[in-house]
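**Student:** The whole structure should be built from the sequences, with the hints applied where relevant.
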Amino acid sequence: MSHTTPTSAVVTRFAPSPSGHLHVGGARTALFCWAFAKGRGGKFVLRIEDTDQKRSSDAASIGFVRDLLWLGINFDEGPEYEGQGGGAHGPYFQAQRLDIYQKYLDQLLEQGSAYYAFESQEELAAMRAQAKEKNQPFRYTGDAARRRDPAQTAQRLKAGEPAVIRFHTRAGAITIHDEILGDATLPDGEVDDFVIRKADGFPTYHFAVVVDDELMGVTHVLRAQEHFNNSAKHIVLQDALGFRRPVYGHLPLIFNPDGSKMSKRDKDKVLRKVVAQGGITAPPLGTVDPVVFAAWLKDKNTQLEIEPAQRLAESLGAELPEINVDDFRRSGYLPEVICNFLSLNGWSPGGDVEKFDNAFLQANFDLSRVVKTAAKFDRLKLLAFNLHAIQGMSREEFVRRTRAHGALMHPEFMAKLTPEQFLALCDASHERSKTLEDLFRTNGFITIADDALEWDAKVVAKVLRGDSPCGLDHLRSLRVVLRDCDDWSSSSLEGVIKPFADTHCEGNVGKIAQPLRVAVCGGSVSPPIFDTLMILGKASSMRRIDRCISTHG
RNA sequence: GGCCCCAUCGUCUAGCCUGGUCCAGGACACCUCCCUUUCAAGGAGGACACAUGGGUUCGAAUCCCAUUGGGGUCACCA
14 MSHTTPTSAV VTRFAPSPSG HLHVGGARTA LFCWAFAKGR GGKFVLRIED TDQKRSSDAA
74 SIGFVRDLLW LGINFDEGPE YEGQGGGAHG PYFQAQRLDI YQKYLDQLLE QGSAYYAFES
134 QEELAAMRAQ AKEKNQPFRY TGDAARRRDP AQTAQRLKAG EPAVIRFHTR AGAITIHDEI
194 LGDATLPDGE VDDFVIRKAD GFPTYHFAVV VDDELMGVTH VLRAQEHFNN SAKHIVLQDA
254 LGFRRPVYGH LPLIFNPDGS KMSKRDKDKV LRKVVAQGGI TAPPLGTVDP VVFAAWLKDK
314 NTQLEIEPAQ RLAESLGAEL PEINVDDFRR SGYLPEVICN FLSLNGWSPG GDVEKFDNAF
374 LQANFDLSRV VKTAAKFDRL KLLAFNLHAI QGMSREEFVR RTRAHGALMH PEFMAKLTPE
434 QFLALCDASH ERSKTLEDLF RTNGFITIAD DALEWDAKVV AKVLRGDSPC GLDHLRSLRV
494 VLRDCDDWSS SSLEGVIKPF ADTHCEGNVG KIAQPLRVAV CGGSVSPPIF DTLMILGKAS
554 SMRRIDRCIS THG
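Following my numbering, the numbering of the first sequence begins with 14 at its first residue and continues without gaps.
Distance condition first, Cα-Cα at most 27 Å in a straight line; then the derived DSS-like pairs of lysine-lysine:
hint: 1; residue 1: K394; residue 2: K368
hint: 2; residue 1: K475; residue 2: K551
hint: 3; residue 1: K475; residue 2: K524
hint: 4; residue 1: K282; residue 2: K311
hint: 5; residue 1: K394; residue 2: K286
hint: 6; residue 1: K429; residue 2: K551
hint: 7; residue 1: K524; residue 2: K551
hint: 8; residue 1: K389; residue 2: K277
hint: 9; residue 1: K286; residue 2: K313
hint: 10; residue 1: K429; residue 2: K447
hint: 11; residue 1: K282; residue 2: K394
hint: 12; residue 1: K313; residue 2: K145
hint: 13; residue 1: K286; residue 2: K389
hint: 14; residue 1: K211; residue 2: K145
hint: 15; residue 1: K274; residue 2: K313
hint: 16; residue 1: K274; residue 2: K67
hint: 17; residue 1: K385; residue 2: K368
hint: 18; residue 1: K286; residue 2: K274
hint: 19; residue 1: K282; residue 2: K67
hint: 20; residue 1: K282; residue 2: K313
hint: 21; residue 1: K447; residue 2: K277
hint: 22; residue 1: K447; residue 2: K368
hint: 23; residue 1: K385; residue 2: K277
hint: 24; residue 1: K313; residue 2: K389
hint: 25; residue 1: K394; residue 2: K447
hint: 26; residue 1: K274; residue 2: K394
hint: 27; residue 1: K274; residue 2: K145
hint: 28; residue 1: K551; residue 2: K511
hint: 29; residue 1: K313; residue 2: K67
Note that these hints are calculated values from the structure, not bench results.
**Tutor:** Structural data, given as structure tokens:
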């Protein structure tokens, strides 16, 4: 293979470990990497870091790629996935590149830049504990190991003793050049002889990253700030291997509003709280496996799988916090809004501009405008952005996207509405929808059978009873009027009910609208009442009103 | 604890590099009022920040130092 890769072309990469779900933090990293490369006519590479056999048992679980594409983040090279990916620098799964790493491992070994080490996990843990006890940082010193003669090392290896390969870090301070943070120098001794190949033969993250970034021609490494110190390790590796050094940019972290790290564990946290408050000792049927549940209860560090966690939350009436991109999709957020909002966490185009699309981001994203400070993820502002975007949609677009969301998330709801009903519901809900989920969440009464509707006791007491004439009295006299009303359109109903309110309630429409609303939907919230009646249709509306009167009369 | 990084309204941020136009701008949230058949939405107002202390300078949110506070990292995880 020739090395004619033009050095001027920008290449960035997003390199997550395999997972079925894309975290919003990861999404932002991917978005920035994508925007940076694409805005400069470069390439964006996706690489799967599956060198941890314990966690990557299901190496095919790269479901998050779907989330990436949903957000509009496509990649030029990477695993093949629904028409995306492929490329000349594959394979893009690190677990499939073991022979490549071995070559460079050998080079390091020959150079004397790496050596075998035989300490057991237990020994290392003891050393770490000791360091911690003395309040000292743990640093592995390879002197003893390196002093061992090669013959003995060979013998131990031959005997099948488990061994790792460590990098021999030379003395000296290491300076990291960072396009976002500026330069930072780690003093001599900060980087110890870290492991580059594990006992199971897999490279560690540090080693695989350095080799792959070089081979894949990555020019700019943009990743979260938690990787900052790792960059020092990568730099010394690059130097030892004679590799080029990419430009680094460490992105500020994204936190929860309370300052804690945003983590999928937050879901477990919410569930544990609800379970504890409810004094629940066994999982509701069909939610979580009882054995798993017991183990989960016992060990606070364990996490439930996403699907069981969702079932459990639903059955307990708990709201799980949105953490993954898919959570936000399910909650009815728009991908373009998520991208827009995510960009604003850590970057801004300057001035007062804050609403923009991915094309704008691509054209304007620049490292010099990335902020250094961590951001707290403000869901309320995201919600406001989503509302604004929905309001900005045409009627057709709103219908189309709501229908798509409904087909995916609420097929049973969709099945119960005629196309005309659905359209009317969309019109009645458009300007009040903060998410695509709102319509489905707040209009459940429409899909309930007329004779199965239940009324909220509190609301009944407040709206239907009380002063005289009370709501029920109004309903009784209004039902006669409505019964004779043949044109059940919104405007016609208004033409009937408003005059009724004039004569019976001194023009106070609320006095009659609320009892009506409660009668037909069971609660105090619905779209405007005339729309609500129209959507339900005359037969259904009348049945509900009559049943309400007889039930509460 | 060692090392590294950071510090503008409650939150995301503009301004900082190239000191004066900033008694600090926008957005979300919040408060008040208006509109109103519910919930929203919408309209009009309002309150709210340069962490602290020293310098440098005629002048500092902007430059320097210290303090304080916050974060990251210290794995055969990535």
